[in-house]
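Novice: Chain by chain, the residues:
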Amino acid sequence: VQLDFAAREVAIKVVYYGPALSGKTTNLLALHRRVGEGARGRLMTLETQDDRTLFFDLLPLRFRSGRGDASIRVKVFTVPGQPLHGATRRLVLQGADGVAMIADSRESETQNNAASFLDLRENLRENGLTLSKMPLVIQFNKRDLPGVRGDAELAALAAQGREPIFSAVALRDEGVIETFLATLLVTWQALDRDHGLSKRLAIDGLELVSTAARELGVDEPITEILSRRVGGPIALGSGGAA
Amino acid sequence: MRATLLDDEPRHLGDLVDAAALEELCASVERLFGVPLRVVGVGDDEPVTASPSPEVTLDVSDVEHDGRVIARVVLGPYVADGGQEIDAEAPWVRAKPTAIARIAEHVRSTLGLLLASGYKVFLTSRLHLASVREAGRDLSAKAAELDEALSRLDELERLKASFLATVSHELRTPLTSIIGYSEMLAEGIGGTLTDEQQDFVQTVRSKSLQLLDLIVKLLDLSKLEGGAATPLFAEVPLADVAAEVMTSLAASASKKGVSLDLEREAESPVVMADRERLRQIVRHLVENAIKFTEPGGDVRVSVRVVTDANADEVGHAILAPVRRAAELRVCDTGRGVPEPERTRIFDPFYQVDQSSTREHGGAGLGLAIVRRLVEAHAGAVRVEPNDPRGAVFVVQLPLARGRAAH
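First to last, the protein sequences are chains A and B.
Sequential numbering from 151 applies to the first sequence in the working numbering.
Sequential numbering from -2 applies to the second sequence in the working numbering.
Worth double-checking, as some hints may not be accurate.
Okay, the calculated beta carbon distance ranges per label pair [to be verified]:
no., chain 1, residue 1, chain 2, residue 2, range
1, B, E142, A, P233, 13 to 23 Å
2, A, G186, B, D84, 47 to 57 Å
3, A, P233, B, V303, 27 to 37 Å
4, A, T280, B, P292, 33 to 43 Å
Listing some non-contacts, in silico: residues in chain A with all C-beta distances to chain B over 12 Å [what the hints assert, rightly or not]:
no., residue
5, G168
6, G186
7, K225
8, L241
9, R350
10, D354
11, T361
12, D369
13, I375
Keep in mind the hints are simulated off the structure, nothing from the lab.
The beta-carbon is built from N, C-alpha and C at its ideal position, and this holds for glycine as well.
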């Protein structure tokens, strides 16, 4: 996070992590399509011929707080998923404030998801960060494909776990905004705890995420959007988990 | 706050756009429309963008990059005139403000594209350099690890080779002769023996066989410790291996009056294992259980899939499916293993009953071999008490590809 209280500006870094070809860039493209002109920067993707991210993708977003005078910049990065780009993943994770883990729902990808998640833990550690303290949202993408882990099983896993879980079909924009807003909210809440952002900038986390939702073309109440998760806790009040 | 690679933003025009190229752009616009154009960076020393004379105008507009004004587009000086669109022939260029606005918009959008490409190149090249440095760091760390591992392996290899050669030759060769000659004696080849002599010779023979078995186990253990025995991994249904072993041990169990049962569940776990080694694991454990179970007691073996996941772990939903493991339980109704002994029984040569009068033989190598073999399969072995009496040996092995056959 970069804080500039004089300019009333906060820059937040969110990283989309996950195994190769799980749909991280697809999530970013969908976000980019949905976000209004006023909030979006130019999406930068560096992909090779076979659709694989080489270094990273970056979608810069900018939201103004409800009362208008504070500016929240969100930089959404993706990492290259292929195992060989470990060094790049480590670099992209530097200074990350929140992580969205994009998993492939197919049962055949179970091991790859887990390997990528353990790789995330290791790379955070190399950057002096702890996974258990990192705001985290998990998305199970590609729900439309055959051979995916069943809804009931996913719900059971989500109910046991500690982090919010969303299901998605990123190619059809399903679940993309939900995942992003939840990640933004849990990230804001963690930064707020550490830096007292809400108080110093007079912005409420839910209000910020509601603004972001409107910029993404969603008019529903934020609680409605977040309730579409498969499971896992999200704190909706000013404190404590819901 | 720690400055990081990708958050370090370029804030000056010169960081993103080549100055010479920008001059060319300005010159080309001026040639095209006849209106002087300058693009100035916004930074520490703000250049003058005030109009040089009261009768002429400068059109100044901001160019943003990532929400910040990074440059100004300065068109003119020109005289605002409602008549002609642009008259470049007059002493001061005369132009309609709307025409100037259109040109400014065109320049700003062109510059926007240049800035975006510049930014992309800026980020990419920074990351590229850093990646190369990181990759270099990784490689040199790995090279150092490999060097160290290699010299360790060389040393081990040397020790192991000499030890194995010594044991194989110096112990096994004389033992083979002892066994051979005592068998010949027992068969009466050297003349008829009295009953007492026959008894003695049989004792020599059976003790020698026991010693040979011990040496074979020792060799096995040392091979495992030295990493000489490379397992050949394949997908193996654990319950099938258990069934095979139990069939082969059925006779000795029934001879002792111990009942032997296998329980298998519908979901039969498939493990990545060296089939022969896996059989050895099961065999050692079941033999052990039969050995320590009194006649009339029973030995039950079960095979199932268990989940060893902790819901409190971060990323439970991702990790739980791979935390599933195959479990083999060997339950006996013997004397059990007291709490303090439960980890030590897997040490080589350790015996729970170390008195000279202990009723069961053996060198205390079977369980040590089991542990080494299980560890070579990335698994774990432990012992628990059985209810109401006896011990349960539990082996957990990773499932092949996190799946189980139905």
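Novice: Hint says 47 to 57 Å; check whether the CB-CB distance for G186 (chain A) and D84 (chain B) agrees.
Specialist: 41 Å, violated
Novice: Since K225 (chain A) was said not to touch the interface, does its Cβ keep a gap of more than 12 Å from each Cβ of chain B?
Specialist: The assertion about K225 (chain A) is violated, with a minimum of 8 Å to chain B.
Novice: Is 33 to 43 Å respected by the C-beta to C-beta distance linking T280 (chain A) and P292 (chain B)?
Specialist: 57 Å, violated
Novice: Taking the minimum C-beta separation from G186 (chain A) to chain B, is that value above 12 Å?
Specialist: For G186 (chain A), whose nearest Cβ neighbour in chain B is about 14 Å away, the distance exceeds 12 Å, so it holds.
Novice: Taking the closest pair, is the beta carbon of I375 (chain A) still more than 12 Å from chain B?
Specialist: The claim stands: I375 (chain A) keeps its Cβ more than 12 Å from every Cβ of chain B (closest is about 20 Å).
Novice: Is it correct that the beta-carbon of L241 (chain A) has no partner in chain B closer than or equal to 12 Å?
Specialist: Non-interface label fails for L241 (chain A): nearest chain B Cβ at 5 Å, not farther than 12 Å.
Novice: Are all C-beta atoms of chain B more than 12 Å from that of G168 (chain A)?
Specialist: 10 Å, violated
Novice: Can we trust that D354 (chain A) is non-interface, i.e. its beta-carbon lies farther than 12 Å from all of chain B?
Specialist: The claim stands: D354 (chain A) keeps its Cβ more than 12 Å from every Cβ of chain B (closest is about 22 Å).
Novice: Grab the minimum beta-carbon distance between R350 (chain A) and chain B and tell me whether it stays above 12 Å.
Specialist: With a cut-off of 12 Å, R350 (chain A) remains clear of chain B, as the shortest Cβ separation is near 15 Å.
Novice: Quick one: are E142 (chain B) and P233 (chain A) within 13 to 23 Å, going by C-beta?
Specialist: 18 Å, holds
Novice: Beyond 12 Å from chain B, beta-carbon-wise, is D369 (chain A)?
Specialist: 25 Å, holds
Novice: P233 (chain A) and V303 (chain B), beta-carbon distance inside 27 to 37 Å?
Specialist: 29 Å, holds
Violated hints for the displayed structure, listed by number in ascending order: 2, 4, 5, 7 and 8.
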